[in-house]
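Novice: Spelled out, the chains give:
Number of protein chains: 4
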Amino acid sequence: MMAPDLTIEDLFSKEKFIFIAGPCAVESEEQVLETARFLKTLGINFMRGGAYKPRTSPKSFQGLKEEGLKILAMAKEETGMNIVTEVMDSDNLTTVTKYADILQIGSRNCQNFSLLRRVGELNKPVLIKRGFGNTIDEFVQASEYISGAGNSQIIMVERGIRTFENATRFTLDISAVPVLKERVPYPVYVDPSHPAGLARYVEPLSLAAVGAGADGLMIEVHPEPQEALSDSKQQLNFKQFELLYKRVNALRDTMSKF
Amino acid sequence: MMAPDLTIEDLFSKEKFIFIAGPCAVESEEQVLETARFLKTLGINFMRGGAYKPRTSPKSFQGLKEEGLKILAMAKEETGMNIVTEVMDSDNLTTVTKYADILQIGSRNCQNFSLLRRVGELNKPVLIKRGFGNTIDEFVQASEYISGAGNSQIIMVERGIRTFENATRFTLDISAVPVLKERVPYPVYVDPSHPAGLARYVEPLSLAAVGAGADGLMIEVHPEPQEALSDSKQQLNFKQFELLYKRVNALRDTMSKF
Amino acid sequence: MMAPDLTIEDLFSKEKFIFIAGPCAVESEEQVLETARFLKTLGINFMRGGAYKPRTSPKSFQGLKEEGLKILAMAKEETGMNIVTEVMDSDNLTTVTKYADILQIGSRNCQNFSLLRRVGELNKPVLIKRGFGNTIDEFVQASEYISGAGNSQIIMVERGIRTFENATRFTLDISAVPVLKERVPYPVYVDPSHPAGLARYVEPLSLAAVGAGADGLMIEVHPEPQEALSDSKQQLNFKQFELLYKRVNALRDTMSKF
Amino acid sequence: MMAPDLTIEDLFSKEKFIFIAGPCAVESEEQVLETARFLKTLGINFMRGGAYKPRTSPKSFQGLKEEGLKILAMAKEETGMNIVTEVMDSDNLTTVTKYADILQIGSRNCQNFSLLRRVGELNKPVLIKRGFGNTIDEFVQASEYISGAGNSQIIMVERGIRTFENATRFTLDISAVPVLKERVPYPVYVDPSHPAGLARYVEPLSLAAVGAGADGLMIEVHPEPQEALSDSKQQLNFKQFELLYKRVNALRDTMSKF
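The listed protein sequences correspond, in order, to chains A, B, E and L. Residues in the first sequence are numbered from 1 upward in steps of one, following my numbering. Residues in the second sequence are numbered from 259 upward in steps of one, following my numbering. Residues in the third sequence are numbered from 517 upward in steps of one, following my numbering. Residues in the fourth sequence are numbered from 775 upward in steps of one, following my numbering.
Keep in mind the hints are simulated off the structure, nothing from the lab. Cβ coordinates follow ideal geometry from the N, Cα and C atoms, glycine included. Some clues are possibly wrong.
[What the hints assert, rightly or not] The calculated DSS-like cross-link candidates involving lysine-lysine, where the alpha carbons are at most 25 Å apart (straight line), are:
#1 L:833 to E:640
#2 E:532 to B:504
#3 B:504 to E:640
#4 E:532 to E:581
#5 A:16 to A:124
#6 B:491 to E:762
#7 A:59 to B:439
#8 L:1031 to A:246
#9 A:257 to L:955
#10 B:356 to B:382
#11 L:790 to A:257
#12 B:497 to E:773
#13 A:16 to L:1020
#14 L:790 to A:246
#15 L:1020 to A:246
#16 A:124 to B:317
#17 L:1013 to A:257
#18 E:755 to B:504
#19 B:515 to E:755
#20 E:640 to B:515
#21 E:773 to B:439
#22 B:497 to E:697
#23 A:181 to L:1007
#24 A:246 to L:955
#25 A:239 to L:1031
[What the hints assert, rightly or not] Computed far set for chain B versus chain E, every beta-carbon distance over 12 Å:
#26 300
#27 313
#28 379
#29 431
#30 433
#31 438
#32 490
#33 511
Could you put the whole structure together from the sequences, leaning on the hints where they help?
Specialist: Here it is in structure tokens:
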């Protein structure tokens, strides 16, 4: 295993800007390894990928489950990626914990208080996404379920809320970045992919997140977005991601001089 | 145990209008038994009461847990109440299932797909509340997780959504009643207590629900609302509830002639 | 001219339940007269119909303007209808005032403060619709622009607000009825047509409005809804309206005994 | 009169990033002149200031009216500022047009179609703010009322929409920037002051707007914000504004190399 460029400690120091990238869902060994190798060329070593997928309809693709986790483990083995993947309930918590470096709590579980308490009892970083129907205040209180159980390795992710506007999939609440940074000591990231809903809006929302002061970005990338089994319209291809990556870094450099 | 006036079958026949009433949270034996006896005098034999409470803050009262379930069992034993109580996760599912006649899925768990699947595998009625950030479409798909797992004994409850209006705690989406009745074969109830937020709005919202065609109401009642450990402003006292009960029945009688 | 069954004074006494019905837009003499005669058979003598139409797109039908007002005047002359029609700006205020018995301020003009002040200076009833983006508090303050200018003949109409739910055109905020009745001394009506968006939801929303305590209803009716130049999906035909009318009255009778 | 650094043509070329700054309301000669002189030191020559103020309550400060316009004219005379000020209705259109270089249509008048048509008939730039209850689609159609009447000198301003979140005054819909830039050929600006509601959030929202690709910013600045007659919490003092100005320009420089 290669030495990763950044460590988990770097996440919590908030000194370096963090990218977490990867496909919406783990679909195949090839898809995941190809993505991991690509990210490595950019110096990114935090990779996302869903093995257990919370889908609105029971008829949609639900993820490869443990087989998906094993594929993520292969990517970690080969490229040194730190794995960020979602835990959906107490039942799969033990399994997911074996493979994940960072446990992700999805938007729909932001107020699943039982699950929050359970990940709070572990000694592993937890990335929690804001519920799309939750206020910032509720989001902060959700983090208190985790920290209250003993785990303060928390990353909070703004990923858009539900409003009357439907030109985008969700409305990115960009103001949540400065508000959260006042209220919690944790890193505050933005997921621009879910509010965008369309790949071409991901870059402007990412740059906006940098401007607003986010500590990192969590972005969906796929070798062939149009073939993806979920979120196919909003995932970036490698070329799009690379351009975004350079621009975000350029903006961050400027910001770091303020 | 007295013979109940209405049976679980009556819930699903949709021929009779159903009241589910009781305190927000089980607080004491006296509180629950007093309420059960009161409801019995009105011929109501479906009682709600939370033993496991999903609270926004980890510092708020979290419920009496299994002790609370035992208190509900006493009420059932003495008065024949059918017990409606909330299950929050797979961990307490077995325990809650022992005591509950109807399992309640709360608003914050409307898209807890793991939990939906689990209650879908049981042979017990499930009352599911709409997530306050969920569309009607998502709510219908949540019911498909339950029915898809084999359980079609479902009751769907509109309980208000989150909007910009803050004169009330949530905005009761009264239109959801006719829309849901077109889309699902299940009974559609309204919970007027949570959107109202204040006791004095519960009656008009209840009568509105009747007008909109709801099959039942789920209402918070407490012997001494001002002393309640949660939702104290929105719970009705017995006198308020009795008046509401008579008026709802009068309106339903009129509606039944249409 | 026949003596009308109800007078303007009846509107403000709040003792009788009021129906204001008629087409979205005045389209032709035949359409308006046919509707007026129909309403008269039911004893309804308040008729709505837009001559100046505020349309989202400049390319949509904008109304017949003064020609439309003259058609409304013919209906009034023949059937004794009291005319409710919309005023859009100071420019057409004088013209509209000549023909209208009740001036309507539309949802998009709820915070057109100049217009509110102008109608406040007249001695003519004003029906103001809630802005779909306005809180109840802002709606109440809009009425204060009218009353503050000297005119307290105000009718306030809840007509739905904008939310994330799109199964209906707008979300009828049924709770606004009891809240408004606490805060203003004016009659509070509900327009179920605009939130419904579809004719088949108009009746349940109307009956809900009665249950919530509304003082009246404002409903779109058209001889041939499918031919209407605007809002064709939500207008009721005569048969649908007549059934609704009977049911609303039956419910009101029951309510009046409370 | 001094030669302005930027001209009206520069607004529409979209080659230079534009700042429009100034107090919420014109309050006094001293306040306006002091602000104009300050802006001039930064090379800013577009100044905002409300003489006719649309206020939710009729009891709030309504603006100095024509006296306020005259004060703005003095600032223009002395410093060469281009004046941006709000027109509220057809009645004050003629007066405002005499003094304003750019006519502002406020959020509450975004669907005041009569007013849109009227400013569309003039040969003067129009800055239109998005209605806080309006979709992007409706906002675009509002611009079509202006352009359809013959005036294509339009600037569109995103200023926040109404959502359930109340940590900020409105929710800045940052995604509206890239969406609007696809749909209209006009400059797209952001007003960070109104969604922020608090001065300390104005800078992060401004930098976010730059990242999202906005063509300009419209910001409230006041010599002594705590003394302001309106919006006192969200106006920046000169020092805060100067820092923001430098940072925005630095970010823009970086962006301009993409």
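Novice: If a hint holds in the structure, say so; if it does not, say that too.
Specialist: Structure-based check of each hint:
| no. | hint | verdict |
| --- | --- | --- |
| 1 | L:833 to E:640 | holds, 23 Å |
| 2 | E:532 to B:504 | holds, 23 Å |
| 3 | B:504 to E:640 | violated, 41 Å |
| 4 | E:532 to E:581 | violated, 32 Å |
| 5 | A:16 to A:124 | holds, 20 Å |
| 6 | B:491 to E:762 | violated, 37 Å |
| 7 | A:59 to B:439 | holds, 22 Å |
| 8 | L:1031 to A:246 | holds, 12 Å |
| 9 | A:257 to L:955 | violated, 29 Å |
| 10 | B:356 to B:382 | holds, 11 Å |
| 11 | L:790 to A:257 | holds, 23 Å |
| 12 | B:497 to E:773 | holds, 18 Å |
| 13 | A:16 to L:1020 | holds, 23 Å |
| 14 | L:790 to A:246 | holds, 23 Å |
| 15 | L:1020 to A:246 | holds, 23 Å |
| 16 | A:124 to B:317 | holds, 23 Å |
| 17 | L:1013 to A:257 | holds, 18 Å |
| 18 | E:755 to B:504 | violated, 32 Å |
| 19 | B:515 to E:755 | holds, 18 Å |
| 20 | E:640 to B:515 | violated, 40 Å |
| 21 | E:773 to B:439 | violated, 29 Å |
| 22 | B:497 to E:697 | holds, 23 Å |
| 23 | A:181 to L:1007 | holds, 20 Å |
| 24 | A:246 to L:955 | holds, 22 Å |
| 25 | A:239 to L:1031 | holds, 18 Å |
| 26 | 300 | holds, 17 Å |
| 27 | 313 | holds, 24 Å |
| 28 | 379 | holds, 29 Å |
| 29 | 431 | violated, 6 Å |
| 30 | 433 | violated, 4 Å |
| 31 | 438 | violated, 9 Å |
| 32 | 490 | holds, 19 Å |
| 33 | 511 | violated, 8 Å |
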